[in-house]
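Colleague: Taken in order, these protein sequences are the chains called A and B. Residue 12 is where the first sequence starts when you use our numbering, and the numbers rise one by one after that. Residue 12 is where the second sequence starts when you use our numbering, and the numbers rise one by one after that.
Careful: at least some of the hints might be erroneous.
Identical copies carry no separate label here, and so any pair may be met within one copy or between two of them.
To be verified - Calculated pairs, SDA-like style, for lysine to any residue (alpha carbon to alpha carbon, straight line, at most 20 Å):
no.: 1; residue 1: Lys268; residue 2: Arg375
no.: 2; residue 1: Lys242; residue 2: Arg252
no.: 3; residue 1: Lys42; residue 2: Leu32
no.: 4; residue 1: Lys234; residue 2: Val194
Think of the hints as simulated: they come from the structure by calculation, not from any bench.
2 protein chains.
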Amino acid sequence: MNLSTQPYKGARDFYPEDKRLQKYMFGIWRKVAEQFGYEEYDAPILEPLELYLAKTGEEIVSEQTYTFTDRGGRQVAIRPEMTPTVSRMVAAKRQELAYPLRWYSVPNLWRYERPQRGRLREHWQLNVDIFGVDGLLAEAEIIQVANGILKTAGATQSMYTIRVNSRKLMDFILKDYLELDSVQRHMIAKLIDRMHKVSHEAFMAESHAIFTPTQREKGASNKLIGLLKTKDLNHLPEVVRSHSAAMELKELFKLLKDAGVENAIFDLSIMRGFDYYTGIVFEVYDENPDNNRSMLGGGRYDGLVGLFGVDPVPTVGFGFGDVTLQNFLEGHKLLPPERSDTDIYAVVIGQTYGPALRAIQEMRDMGLNVAVDITGRKIDKQIQTAVKKNIHYAIFIGEKELSEEQFEIKNLVTGVSERHSLARIVSIVKDYRGASEEE
Amino acid sequence: MNLSTQPYKGARDFYPEDKRLQKYMFGIWRKVAEQFGYEEYDAPILEPLELYLAKTGEEIVSEQTYTFTDRGGRQVAIRPEMTPTVSRMVAAKRQELAYPLRWYSVPNLWRYERPQRGRLREHWQLNVDIFGVDGLLAEAEIIQVANGILKTAGATQSMYTIRVNSRKLMDFILKDYLELDSVQRHMIAKLIDRMHKVSHEAFMAESHAIFTPTQREKGASNKLIGLLKTKDLNHLPEVVRSHSAAMELKELFKLLKDAGVENAIFDLSIMRGFDYYTGIVFEVYDENPDNNRSMLGGGRYDGLVGLFGVDPVPTVGFGFGDVTLQNFLEGHKLLPPERSDTDIYAVVIGQTYGPALRAIQEMRDMGLNVAVDITGRKIDKQIQTAVKKNIHYAIFIGEKELSEEQFEIKNLVTGVSERHSLARIVSIVKDYRGASEEE
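So that you can see chain A by itself, here it is in the shape it has in the complex (with noise of 0.2 Å):
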């Protein structure tokens, strides 16, 4: 019986046209966080399994997490998300660290789901997190590097709407505004959270099934979905308005405007999956009318690093994933250019390998990428595969090429070809590199 090649389910092959476009994202992601002072880190994909029990919802750990037990009886899972990891860290060395401290990570993450559009069983992740700040400076930085990325992916600021809402502001409407007990605010907020995926009307009969009788006939279920669809802070009742949640609100949009991210709204119904969050929280939406959904989120997390028995640290984060910037990416026609990293193909005429592989070190030596062909096929079959494998030169290298020292370069696109000595064609070939790489 022949071993199948497929994949395991759920997850991705990168063949070399895959991973280019995935190496263009992470560099991007790399490129937006080291700007603003982010250090990359990094960690084992497998944690012992109680790292998660804490404070991630329950339902991620018993239902989506690749569990197993060790050799050794241990409890192991493979990371569902990056951030106990990095609180983990962040805890072990809290004494040692210089804050603020700006960090960044691009993990492999995995789930147990059934995949989906934009969902896979695993996917990349880029991490950004900044800890001890306590101040909205924080949040106002991260929300920057989010808006940043998509700016130097391409992105113009209508094609995505950065929508932010306030835990506090939250507790405070469903606790206070809306008096809803512990067990009716956990319901309501899980509600909330997959607002975007039930019908309106499905909404309001969940919701009124959550509500008391009394809540009821104080119209409790209208209340709540018309501060769900308030856009404007300044259109909130004034009792929610003027609460300090709300005017700290007001201050990040002031401060994201100084900034140049002109495209955050209120949005009070982001109320983000995981339980950690303990104020400030936004997701990206891609504005694509065939793709609009949230890209990607974050807020902040204050409580985590303390559960490691350490004093606790301010903490503001992200996570942004690969398959939802792809698709952001691809709906967006932002996609970068297919081009070969190899810079040119070498030909070697004859039977002269030895003398020719001089050469062509020569010209790694000076920079360049070269792929020779030493299959001895014919010159055509050659020419095939370079056109094939989308190089945009080919150098001929034979024995009287190199007793005269001029070698044949070949435009592989126009079929033009000159003669010239191997600085030139190295500098030729560097400058076309340095355009095509401008463009």
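Given the structure of chain A, go ahead and fit chain B onto it with the hints provided.
Modeller: Leaving out everything else, chain B in the frame of chain A:
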């Protein structure tokens, strides 16, 4: 009870300083692989277990691989090596791909073993493979890539030795020259594979026990040890050195010399652990007396792609682990200097964060990595943080500076301050970065 801050046993957390070194090593791997025209690919860290049952050494799958059963009842492995995966991917697109195919990857791999120096449960490994070339030029190129990596990392050829052997020559010696049956051959091969880990006496005793009395009378043990110690093909017995596999080795050494690789030697004791090799095999040894061990290895394995029910594809490749490379760099004092990726630390004077953020964003748009202190602490505290983070410059931004468009830049190493426009400051910092990158 507090959560533990320790990572999973045998695996590593990468704090920014650790990650910086890893990125430096990955950068060299990628640069050299691409210089030779190799393209990066990737695949899921989880694979169906059956992928490893066919050709990997039994011991590795049964005792050393992380395996579990998923919720769908599938047997899954966390990949212990990349070769079966890349063979699977090539087989899946056997007809569409353009040969010679040059692929590389930097996968994260896991093995369940007792953690020890240079061998952790988890590591990263550069995998470089060329598909579709029968001739020795493939072996020569693969060894050139390995050599190019060490050269690019700053190593001289006296720091390491490339030891080359041939499975075909070994087969001839064991079967035809020493006349061993298949059980004996298997046992002797395993013994040779761990030859460098046992004493000469133990080796002699163990080999003696494998031979028959007749073979012993003919001096099989001495014959074998004599062969294993021969480092020159010309010193092999006539019948061995005239075998086609020995001629092939001779040709390979000539090709390597042509390509500038001077430190490749013949070594019949190089076996490689995996069963799938079919021709030339090689290992690169660190010549550091404190760490005289194999750093990387590879060879020809023509049979793996064919296991997936397609026509076989001749293949040569090698793997190079991050831990062994790091030990090599440390041992030879080749570690890169410590340097922050953040170019400048912005200190905001007063509470002018809004306008300051705009000036900071301008510096980023001009190409600098800028971290801004948003703690509101005293200025000397902010500077201390910048110094602790190894950042070379600080810029001071207050109301006066913003209105005059002249800012103070301080070199945190020399202590010298100057006043300049933002554009001039950017150019000073870029000049410094350019110079320090060339170091």
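Colleague: Of the hints given before, which are not true for this structure?
Modeller: none
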